[in-house]
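A.B. asks: Starting from the given sequences, assemble the full structure and let the hints guide the process.
As you go down the protein sequences, you meet chains Y and H in turn. Here my numbering is used: the first residue of the first sequence is 1, the next is one more, and so on. Here my numbering is used: the first residue of the second sequence is 1, the next is one more, and so on.
Think of the hints as simulated: they come from the structure by calculation, not from any bench. Note that beta-carbon positions come from the ideal geometry of N, C-alpha and C, so glycine has one too. Check the hints yourself; a few may be wrong.
As the list claims (entries may be wrong) - For the chain Y half of the interface with chain H, some residues (derived, Cβ under 7 Å), not all of them:
no., residue
1, Arg19
2, Val126
3, Ala162
Claimed, not checked - Simulated crosslink set (EDC-like; lysine to aspartate or glutamate; CA at most 16 Å straight-line):
no., chain 1, residue 1, chain 2, residue 2
4, Y, Lys344, H, Asp139
5, Y, Lys237, Y, Glu16
6, H, Lys94, H, Asp139
7, H, Lys222, Y, Glu16
8, H, Lys142, H, Asp63
9, H, Lys244, Y, Asp400
10, H, Lys17, Y, Asp93
11, H, Lys183, H, Asp139
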Amino acid sequence: MSEFNELIKSFAKSREYVRDFFVYGFKTRDEFAGWSGRTYDNERRRLESWLSGYVRQEHTGKGKNIYLSIDSNLLDTNPLYRVWKTKSFTDNDIMLHFYILDFLLKSPGKTADEITDGILTKYGIVFDSQMVRRKCNQYASEGILCKAKSGREVLYRLSPPAKKLFSSHPNLKNAVKLYQLSSPLGFIGNTIMDTGSFQNDLFRIKHNFFVHTLEDEILLPLLQAMHKQRTVSLTIKSTKSSNLLTTNGVPLKIFISTRTGRRYLCLYLPKTKRFTNIRMDAVKEVEAKETFPEYESIHDKLEKNKDSAWGVSFQNNNRLHSEHVKLTLHINEMSEDHILNRLKREGKGGAIQCIAPNTFTYEIDVFDANEMLPWIRTFIGRIISIESDCPQLAARFERDFRTMYHMYFEE
Amino acid sequence: MSELFSEVYNCYFQVIKSLIEQKRDISERELNYRIRSSCFEESILYLLPKLTKKGWGFYEQKDGVLHSRLSEDFYVPLTDLQKSYLKTILSDEKIGLFLDEEEIAQINASLSDVDPLFVPEDFYYYDRFADKDDYCNPDYKKHFRTILSAIQNRAYIDIIYESRHHRRLHHKYLPCRLEYSIKNDCFRLLAVESRAHRSQRVITLNLDRIVSVMSTSVTVHKLPDISRLYKRSCYHEPVRVLIKNRRNALERAMLQFANYEKSTRRLNEDTYECLIYYNKETETELLIEILSFGPMVKVVGNETFLRLIKERLIAQNHRTSSSTSY
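C.D. replies: Right, dumping it as structure tokens:
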């Protein structure tokens with residue numbers, strides 16, 4: 001039986017576990033389908049170790065379940081970044097890391113053989129010179145070391161310290177404190193705080209979905225493919241059936257909802273000549289393929305079209321190019337300015353008109369009117385009418401409202 | 001380009017680096033404390049023997065004290081991935097709040113050997129509010145920087161603020177944090193009132209409504225813990241909702257409410273109970289978020305919140321009954 005180790009080799013499995021613990025927070029051991037009991041125990045123990053302080057436990061009739069309780073408004077950083085800091089390593093990895101960097105600090109511009117000898121002399125530790133060379137090359141490719149040829153020799157030296165950059169531009173540090181919380185791939189900003197030995201003592205974040213960081217391993221190659229204008233082959237796990245599917249397409253943009261916490265990849269499908277959005281958390285693997293010659297023209301087309309999508313859908317079930325929606329709302333002109341402001345700032349440029357005292361209309365054309373339903377429901381209490389050439393919209397609203405009314409007053 | 005999931009960013013590497021940077025000599029007891037406070041819960045079991053016994057050899061033990069064998073000025077350079085990230089944030093419009101154009105150009109030049117990881121246009125926040133703050137406004141920038149520096153100096157600020165009802169208010173506050181909202185694309189100041197007020201509470205002010213702000217010479221030794229103050233402001237009774245797992249509602253609700261401190265349990269095959277903690281400031285936002293789920297989410301408590309939901313439903317029922325347009 002192998003010994004338990006809190007560090008891990010691959011991120012993929014833990015990503016699923018952390019997501020389930022974080023998002024759901026009620027699954028017991030038996031409800032984690034697809035994993036053995038022992039795997040569950042180990043993953044749970046790791047999670048408890050990595051995220052101690054945020055892990056809560058609850059005993060239910062079905063057994064113990066653990067969940068993550070994180071209020072993103074209250075934290076200086078995203079605790080889920082810790083999951084990225086769990087990569088396992090060997091004794092040689094960590095020793096070479098510190099000894100090579102320390103040796104080159106005082107003796108810059110050395111060959112791998114000289115570094116090997118220097119480590120033996122200075123610290124009394126023997127390493128194989130091939131191993132030292134491999135580590136130096138790895139660090140040179142990561143930018144930690146600089147590598148230069150001198151005749152037939154390859155010399156290594158340390159890249160400049162971050163301290164230099166931050167002391168010349170002290171406000172850059174403050175910017176990193178904000179962006180590590182607010183920007184995509186914020187984990188990297190957080191590692192810069194580790195490297196520069198500083199913490200966020202200035203900012204808080206609101207309306208952030210910390211769970212997105214778990215998709216960053218997928219996001220990074222997608223962004224690289226986008227910048228190189230390449231097509232990609234994606235392995236996608238169906239959210240309904242759990243089956244793995246492969247899709248090929250051209251990645252164009254990342255669509256983010258600031259309200260629902262969902263993040264999508266906008267993909268152009270050359271076969272059907274359509275845009276589609278795929279949930280980022282469903283993408284399991286990305287493989288970059290050949291460049292797509294019409295990338296720029298397709299990208300421009302998306303730019304022209306994206307504002308007509310209410311959310312992430314580019315088509316409707318009614319075979320219409322776009323669907324017209326007209327809401328008539330009761331808004332008290334004297335005291336409910338904030339509702340009009342909501343229509344203006346959340347209504348994606350829809351036209352607002354006062355048609356009678358305390359009665360306003362809001363009109364917009366969108367690709368798929370059904371996507372508006374959750375937003376329309378937020379005006380419950382003041383909706384006088386919903387008119388649309390998408391007949392399902394008003395019908396669904398009415399049906400759902402009746403169910404709600406029954407649920408609260410007649411059950 | 002280095003990978004995201006790399007041992008270079010491993011927590012063990014970071015804690016050792018920080019120990020070496022900060023102290024030449026350290027007692028085993030302090031080492032124990034430092035590992036426990038900055039690593040994972042179980043790291044101590046593995047890490048302590050490697051640092052104190054014949055493990056990795058970074059320390060020499062003499063008279064019960066550990067002496068670092070690495071240089072005093074030891075440092076780890078930035079990786080290309082980190083440099084690319086720095087270059088990336090330089091193209092965001094909010095960077096102008098921190099750096100002027102000349103500085104941005106200088107930093108860009110010093111990062112000339114790497115490419116940015118993305119540009120802002122790679123992302124589209126499709127339901128973001130339209131009335132974002134104007135980050136290019138010189139007054140806004142000035143206010144932002146004054147507040148930032150006051151937080152760092154733990155100094156009170158003298159502030160003139162225009163309220164939602166266009167009234168000018170003059171106050172002295174102790175600024176604690178700047179809060180950035182991704183949904184509103186705006187900053188808010190989180191501050192506490194002057195010491196004259198007995199019970200401290202967090203005041204939230206929109207940065208774009210600040211008319212003027214000046215730092216004062218009055219400072220405090222320590223900023224109050226606003227997380228604790230915020231938690232204290234939460235209602236004793238959370239909202240209790242039942243979620244029917246139909247149309248994928250459970251997953252949607254769990255993700256959407258992931259922003260709140262919450263706990264969930266399963267009641268039966270397709271019904272789940274979720275407790276969501278909130279305060280007066282977030283009440284309306286939470287209310288409309290819950291309404292957006294329609295019949296998939298039902299509020300069953302607390303009484304105050306339930307009443308708010310019912311009031312809206314009654315009003316809607318009244319409008320529906322008197323309208324024929326559906």
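A.B. asks: With a cut-off of 16 Å on the C-alpha distance, tell me whether Lys344/Y and Asp139/H pass.
C.D. replies: Violated, at roughly 25 Å.
A.B. asks: Under 7 Å is the threshold here; is the Cβ of Arg19/Y close enough to any Cβ of chain H for the hint to stand?
C.D. replies: violated, 10 Å
A.B. asks: For Lys17/H and Asp93/Y, compute the direct alpha-carbon distance and say whether it is at most 16 Å.
C.D. replies: holds, 14 Å
A.B. asks: Does the nearest C-beta of chain H fall within a distance shorter than 7 Å of the C-beta of Val126/Y?
C.D. replies: violated, 12 Å
A.B. asks: Does Lys244/H pair with Asp400/Y here, judged by a C-alpha cut-off of 16 Å?
C.D. replies: holds, 13 Å
A.B. asks: Quickly compare the C-alpha distance for Lys222/H and Glu16/Y to 16 Å and report which way the hint goes.
C.D. replies: violated, 40 Å
A.B. asks: Does the interface hint hold: is Ala162/Y within less than 7 Å of chain H, judged Cβ to Cβ?
C.D. replies: holds, 5 Å
A.B. asks: Are the Cα positions of Lys183/H and Asp139/H separated by 16 Å at most?
C.D. replies: Violated. Lys183/H to Asp139/H sits at ~23 Å, over the 16 Å cutoff.
A.B. asks: Lys142/H and Asp63/H were given as a pair; does the straight-line alpha-carbon distance stay at or below 16 Å?
C.D. replies: violated, 54 Å
A.B. asks: Hey, Lys94/H versus Asp139/H, does the alpha-carbon distance stay inside 16 Å?
C.D. replies: Holds, because 14 Å separates the two Cα atoms, which is no more than 16 Å.
A.B. asks: Taking only the CA atoms, is the gap from Lys237/Y to Glu16/Y under or equal to 16 Å?
C.D. replies: holds, 11 Å
Hint compliance for this structure: hints 1, 2, 4, 7, 8, 11 are broken, all remaining hints hold.
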